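Peer 1: Chains as they are written, first to last, in the working numbering: chain U, 1 to 404; chain B, 1 to 845.
Keep in mind the hints are simulated off the structure, nothing from the lab. Note that this is a predicted model, so its numbers are computed, not measured. Don't be surprised by glycine CBs; every beta carbon is placed ideally from N, CA and C. Misleading hints may appear alongside valid ones.
[Unchecked claim] Here are some of the chain U residues that sit facing chain B, going by a computed Cβ distance under 8 angstroms:
hint	residue
1	Glu22
2	Tyr44
3	Gly91
4	Asp123
5	Val131
6	Asn200
[To be verified] Here are the computed lysine to any residue pairs in the SDA-like style, where the Cα-Cα straight-line distance is at most 20 angstroms:
hint	chain 1	residue 1	chain 2	residue 2
7	B	Lys607	B	Lys662
8	U	Lys176	B	Ser276
9	U	Lys176	B	Asp631
10	B	Lys478	B	Leu608
11	U	Lys382	U	Trp361
12	U	Lys20	B	Asp360
13	U	Lys20	B	Ser275
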Amino acid sequence: MKGLIILLSIGMVVLSCHKKFETPAIDPVLAGASISLEDLIASYQGSPINFNDSLSVYATVTMDESDGNLYKSTYIQAGDFALNVRLLSAGGLYVGDSIRIDLKGTVLSTYNGVLQLDAVHADNNIVKLAVDKDIKPLALSVSDVNPNLQSRLIKLENVQFIYPEIGGTYAFAEDKESKDIMVEDCDGNTVWFSNSGYANFADELVAEGNGSIMAIVGMFNGDVQLIIRSFDEIKMDAERCAGQYIVKDFNDELISTGGWHMEQIVGSDTWETNDQGAASFYCQISNFDGSNNIACESWLVSPAIDLSLINTPGLSFINASNYQGTNLEVYISTNYSGAGDPNIATWATLNPILSSGGWEWVNSGIIDLSAYTNENVVIAFKYIGSSSDGKTWEIDDIVISGKT
Amino acid sequence: MIQFSLLKLRFLLFFFLANSFLNAQEKDSIIRKVESPVFVSTLKDLNNSSPAVQAIAGLLQSSRDVFTNTAAFNFGVARFKIRGYNSNQTTIMINGIPMNDLESGNGTWYKWGGLNDVTRYAESKRWLGSNPYHFGGIGGYSNIDATPTNIRKGHQISYGITNRSYRHRLMYTFSSGVLANKWAFAGSVSARYAQEGYVKGTFYQAAGYYFAGEKQINEKHGIHFSVMGAPSYRGGQGLAVQEIYDLTDDPYYNANWGYQSLPNGEKVKRNARTSSSHMPIITLSHEWKLKNEAKLNTSVYTTFGKYRRSSLNWNDANDPRPDYYRYLPSYFENVNDPISAGVYRELWENNPAGRQIQWDNLYAANVKNLYSQENVDGIAGNTVIGNRSKYIVENRWNNSINYGVNTKYDKKITDKTKFTVGAFYQYQRNHYYKTIEDLLGGDFWLDVDRFAAQVGVDPAIQQNNLATPNHLVKVGEKFDYDYYVYNHKTTAFGQFDFMLNKMDAYAALELSHTNFYREGLNQNGKFPEDSKGDSEKSNFVNYAIKSGLTYKLSGRQFVTVNAVVKSQAPYSRDAFVSPRTRDYLVDGLENEFIYSGDISYLLRYPKLKMRFTLYHTQRKNAVWSRSFYNDAYNNFVNYSMTGVDYLHQGIEFGLEGNITTKLQGNLVVAHAQHLYTSRPTANVYVDNSAASLDQDKTIYLKNYKVGGMPQSAFSVGLKYNGKKYWFAGVNYNYYANIYLDPNPDRRTAEAVENFVTSDPQWDEVLDQTKLKDGYSVSAFIGKSFKIKDKFLAISANLNNITNNQSFQTGGYEQLRFESQSINKFPPRLAYMYGFNYFITAKLRF
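With the hints as constraints, model all of the structure from the sequences given.
Peer 2: If you want it as structure tokens, here you go:
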């Protein structure tokens, strides 16, 4: 029995020596000189900079990945200077984190026109100094948004998603596809937002009212694409102003979507989509086959538009042209049947500002359609070319909007 | 010698039969109604029984079956399974009380590990047959007699030294024998220890204790009780892919450990995958001798305790496990990044510390990850700021409470007939939850499912427990999931045994009822209606019938035939699609049907013992469930198949004979086909989403081999018993037809939909991996000394004497795969240990 007791005690001693590990002494890995975010950004001269030595930059996180609208990416800001930070692993930084980044091992470069600090390892490069140090957004009007604000946190007031977006979702959650949607103010100014299909709000319906939204000024090859920071910061529940009613931007590379169609009266040259020389797709037509002009009459016709829904409706589009020939003609009708030869309907001529040539894009200006309030109308773009001459016409961003 | 030749002829005949049996793909109706009786249940009964009964007992005293012994001792290293069965086909008992885990049916040897002096002489019969305790499984039964009088009177102390998973073993056992007051007591303790086992980074600390008492109160009544337990704490080994074994030139590379710096600068090995368990068993039994040779045995038991396994967990960070596929050179080669591939190749080949877990880095990341959490525990304005751990060590608990009662009535009707009836009630509650083992320097862990963030804008979706949203978890606290699984099982069986002059026979029937359900303790934000409280209760009624006979060609030659038909309730372990988050049951949960039969020819001569058996088993409509982590979903994917059919058929041959009086030869052959024989239906779910990834997917699994074991093996050996109590033996063992178990998802139309049959990918995706045949050479040597009335025995077991380190004994195909590049997620493989030994000295006094 003595043996039993001895061995029992041995057993218990063996089992009781579960070691608890202590926190090891941790080297203060992040040290070295510091540089301001302003100077860091200014140091970029067009080619990537690899940082091989420790150099610290201080900033505050202005956007994180919580809503899924970014992946392995955050934005930081210090004063008026902001930068996109690309992380080697997802997560770990949150809005309001005041951080020091050790630049060792990172790369300053551009990607699709956005200046970014790349290859940042959250464990090795970043120390959090404080939390909840939220930076106040820059309050802006839509017309003031410009590429110089790259990566800044902004807030737009009294804005709304344009009418055609209502009823749709922010992005495509099912297929994880992103979606571009347009926001406008009540003066007809617009700006694009780009939303990730991975965002947790991708499947939510676009806000219907008018109000404020917070965003990071993202860029894609020179074009501004705002990034929604958080679903909770879309506060649009006031009554809408009139805004844009119909938008045809050809970015889906199709003529016929949204109820638009063509009527070919003479010749075989038709309206086509193209993106040559532009950031996005537009619609163009030409009667030149490479050696000769061919007689042509081709109409690009809108769907029937109920202007009774819109206060002080107006039409605008942008256009560019080149070569010699007849100018583009723009019409409105209240009795076009919706299909067939437009020439049998009654059309009134509209007077947009047209490009004088040299591929120069001009804005048509807002063409007042108030005379047609309470009517169902159809808008048409008529191209004419002869066998001896003919311009090339390009049009894009056809918008029917309201005024306040 | 003439007689021997005749025997040889008979072997040849049986080999021929066996081969034609195996080659005949047609499964001729197998249910042959016959069998073989055992009137003797324990060694103790054996001593009391009549000589006539003893002769038959000798025939079936399975512990001396050379096939079974060889399968256990020599084939174990190659993961051989008798008849291809998992442990849930064999009924494991202590004092006649079934001990299989109700949740999975599996054996629970870990509950008494290290108590070898008590459990070594278990009565086990690993084939079909009469069973004096229970209906039993198709894989037979094993009963540990834990009564004091079953243990040799006196004291016994032994010390073992080895280089396997542990290094040292100390055991002490005593038995009082029957004392004057009619009590008998026995006890045993053991300790096993390794600071580091055979595999780097593993460790082993285990103890075992046993105490039992027994009293013959009077002629009619006897009682006995036993208490045993085996606390253990171990550091685990993980399997790796071949690329890692090649890079490290180490077939035992273990990704589970890394160096951690102590405050004094010393670096120590730390294992992230530790486990501990302690589940004591207490039994109390009453034996009542009734009139007219009838006996009533009644037992109550309980077993309860804790089991935990630790693991790294991480959030807002990359996978910290060194063997993650994105840290391998091949990953970078596949994405055309030879520079990174080179950096990682250098690390893997030449930096033994760098290719393990970087504990210090995990601490460094945690201690500077300041984080602010609002509305902690759902309390508005309750903001807590602190270092949020990105990396933790978590414990995954599976604690269980079991209790039960069983009673068994035996009656000898005549000298030649006997019947047994028994009833069992068993209860088991498993409690699954997680706690924090170590925050690795951080202040808290945020208990939310970040991966659910993409599911929608409702913040509740991320919450693991809606009662305490945004809970900050500290060391030792529960988090993530918390639920019970209850099992109730009631079983009744009856068996009738009879003996004729030339024939013994038996027949048995079993009826059982199984009930199980889940009770969630947390309301999960993703499944608020289906996570808390009781699930639907599943009920299954099952039957089993078996019968068999032994035909006595002579007193030394026997033919036995057995057959069983039974239905089997699905196990609760397989029944829930994702019990961690919700209580959904697998679609189409139904009973499994099992048909099994065997026919054996046995010889029992004093100098020649032989058993040759053909068996055939079909399992129909089984359930197959697995969970695996898929970082494409950042979560556990749950794969459930129903309608899985299995075929197990083959031969078992064991021969043991004296060549000279001192030299004995033995030969064991197992040759089998273990196949999947149906096209099951699969449903696939992710833990954190209600949507199923796949619904009613057809799995083309027919004729794939059941993997993870050699389907064929043989062993040939010699054993020498020298003068003056010394003995030695050697065996050559060969293992063949080893396959990796097929990943069902690779055997689908979807997996090959982009290919035509002539594409190389077609075969790459569909083919089953067959491992190379392997061998091992094992030996043992020992000598006993008698010193006055004391007895000293020294022995050594030597395994893999040729130090064969190239034998892949098994592994598994990863459930995750990419059909375009099947090698992106290659199988994980295990190698047989190199030369290893176990040397013991035992003193009896």
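Peer 1: Does Lys176/U pair with Ser276/B here, judged by a C-alpha cut-off of 20 angstroms?
Peer 2: 43 angstroms, violated
Peer 1: Take the C-alpha atoms of Lys478/B and Leu608/B, compute the straight-line distance between them, and say whether it is at most 20 angstroms.
Peer 2: 60 angstroms, violated
Peer 1: Would the pair Lys607/B and Lys662/B pass a check requiring their Cα atoms to be no farther apart than 20 angstroms?
Peer 2: 11 angstroms, holds
Peer 1: Tell me if the interface restraint on Tyr44/U is satisfied: Cβ within less than 8 angstroms of some Cβ in chain B.
Peer 2: With a minimum Cβ separation of about 24 angstroms from chain B (threshold 8 angstroms), the hint on Tyr44/U is violated.
Peer 1: Between Lys382/U and Trp361/U, is the straight-line Cα distance small enough, at 20 angstroms or below?
Peer 2: 18 angstroms, holds
Peer 1: Could you grab the alpha-carbon distance between Lys20/U and Asp360/B and see if it respects the 20 angstroms cut-off?
Peer 2: Given pair Lys20/U, Asp360/B holds - Cα atoms ~15 angstroms apart, limit 20 angstroms.
Peer 1: Given Asn200/U was flagged as interface, is its beta-carbon under 8 angstroms from a beta-carbon of chain B?
Peer 2: At 5 angstroms from the nearest chain B Cβ, Asn200/U passes the 8 angstroms test, so the hint holds.
Peer 1: A closest beta-carbon separation below 8 angstroms is what the hint needs, so does Val131/U meet it against chain B?
Peer 2: Because about 4 angstroms separates Val131/U from the closest Cβ in chain B, which is inside the 8 angstroms limit, the hint holds.
Peer 1: Starting from Lys20/U, check that the Cα of Ser275/B is at most 20 angstroms away, please.
Peer 2: At roughly 15 angstroms apart (the allowed maximum being 20 angstroms), Ser275/B and Lys20/U satisfy the hint.
Peer 1: Going by Cβ atoms only, is Glu22/U closer than 8 angstroms to chain B?
Peer 2: 6 angstroms, holds
Peer 1: Does the nearest C-beta of chain B fall within a distance shorter than 8 angstroms of the C-beta of Gly91/U?
Peer 2: The hint holds - Gly91/U has a Cβ within 8 angstroms of chain B, the shortest such distance being about 3 angstroms.
Peer 1: When you check the alpha-carbon spacing of Lys176/U and Asp631/B, does it fall within 20 angstroms?
Peer 2: With Cα atoms ~17 angstroms apart, Lys176/U and Asp631/B stay inside 20 angstroms; holds.
Going through the hint list in order, the structure does not satisfy hints 2, 8 and 10.
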